[in-house]
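Sequences listed follow chains D and U, in order. Following the UniProt record's numbering, the numbering of the first sequence begins with 1 at its first residue and continues without gaps. Following the UniProt record's numbering, the numbering of the second sequence begins with 1 at its first residue and continues without gaps.
Hints listed in this document are in silico derivations from the structure and should not be mistaken for laboratory results. Cβ coordinates follow ideal geometry from the N, Cα and C atoms, glycine included. Everything hinted at is true.
Straight-line Cα separation of at most 16 angstroms, EDC-like style, residue types lysine to aspartate or glutamate; simulated pairs: (1) D/Lys49 with U/Asp57; (2) D/Lys117 with D/Glu136; (3) D/Lys78 with U/Glu71; (4) D/Lys38 with D/Asp135; (5) D/Lys2 with U/Asp57.
Residues from chain U that keep clear of chain D, each with C-beta distances beyond 12 angstroms, as calculated: (6) Glu14; (7) Ile16; (8) Ile23; (9) Arg103; (10) Pro106; (11) Glu121; (12) Asp122; (13) Lys125; (14) Ile126; (15) Arg130; (16) Tyr132.
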Amino acid sequence: MKWTEQHPSSIKQSIESSLSSANPGKAVEGKVGDFIQKQDLEIEAFGLKINNSTTNNLAGDIDIMTKSHIIEVKKSFKSIKEGQLDKFIDSNLDNYLNPMQKKPILYIDELLTAADKAKVLSQIPSNVKLINSLDELMKIIK
Amino acid sequence: MGLLILSKRLLKPEEIIGSIAVISLKKGLKFHLEERDKTVKNYIDLYLAKRYDQNEDEQYFYLGLENDQIEITHKNQLFYRLGITDQADYDRLMYDFSLEYLRLNPDHCISFYGETFFFLEDLEKIDADRGYFEDWCFTSLS
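Chain U with its partners taken away, still in its complex shape (with noise of 0.2 angstroms):
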């Protein structure tokens, strides 16, 4: 749990399966979609993941994008949730995927458990000032 992917308008998502397959090319990561029963229609799983460290575990999440989007208000905007993430116990490979995530997706927001929020000129200015920072994702900047 942990990694929400919003959007301010109901999109399916059949329509960024693409920009997480780039993502992933860009990013060196392993990807793949998980095997599902056909009758199951609400979401797609995805495996995302990277060996950072080879003396590491690799780092991982399952990525579920929805059709039935429940709502989440933030600052009276209203976004849609697109996706969400088994956990967000590996902050680098989120903070990877985030950042490729939203300037391939510049209208959307990554959001950590619905308290922090991250729009694209967040983590450009993170990424311009100082890169990846352990618990990146957990300070509230928006």
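Next up, chain D with everything else stripped away, as it sits in the complex (with noise of 0.2 angstroms):
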């Protein structure tokens, strides 16, 4: 995998720039990097597309990663694409993005009903943390 550091400043310019997009999960993603910045803690990454150097294709992007996890945004239940978390688990993949190992979690803006909870939990690899709120998130990642 080809991982390009992204510098501070551009960290903060993407997430100004995604809170303003007219792309509605773009936007999702911009809102909770806005809000993590605001607690005070540093994002290592936002938005970043990570390159397979084998294949040349995209492998796939980071939403948000800090020092301790690496966070998949959402801006509803309705796009949650199965297997999609697998991603930051199985070291297997040829498309794996997690080689440091960082805790996974995925957030869900939109407010989820039990069922929707549960539909999502049977969807996801367990030792990936679903978090349905900004509050629930700074608890854990803090």
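Two chains, two frames, some hints: make the complex.
Set out below in structure tokens:
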């Protein structure tokens, strides 16, 4: 995998740009990034595209990475793609994106019903923490 | 996350792989089926990409075609989520893909985040009026 280190000022700029994006998914990523920054926590990567140097394809992206966590941000439960979190868990995958073995989080912005939550939990690996509010996110990553 | 392929009836992923291969051929997209664990039977992952400008990154998405399809309702009409992408960051690629996909599957619908919905007549109208424009997929029509 080919990783590009992001400069803090470039991360800040990307967050600001995402906040005003017409793409609702990007806007939620911006909202979460902005929230983390305002808690004085360092963001190491934001919207980082990772290239697979063997196949020359883009392997995927990292929405948000802090010192201890890697966070996949989703606007709603409708946009969860099955298997998408495996890239943070399964080191046998070609597109494994978590060599530093940070703790994976799935953040869903839209409030989930109990039934939706159960469905999401059935679709994600058991070692991925499902988070459904910014307050809850703060308790985990602080 | 982002682009959803919606169908009014349940279909097997195998039934639409052919049309995605045709789209790739017509639009000059890079297209391959991701290798996967044989025990995983719930979805098929496809990689689609195109470099529109030699000075810019390749545009891409991973499209998961699902066996267990969640239900999504739009204007009292029930749809099954047949496919979903990992992100909707590249709207030019999404445009080319969506228009050709709906021409081949005119009874299907393309949605972004379950918020904006496009049927074939919507995309044909956009194509006839002005063609691709930035953030087209986040402009609600239907």
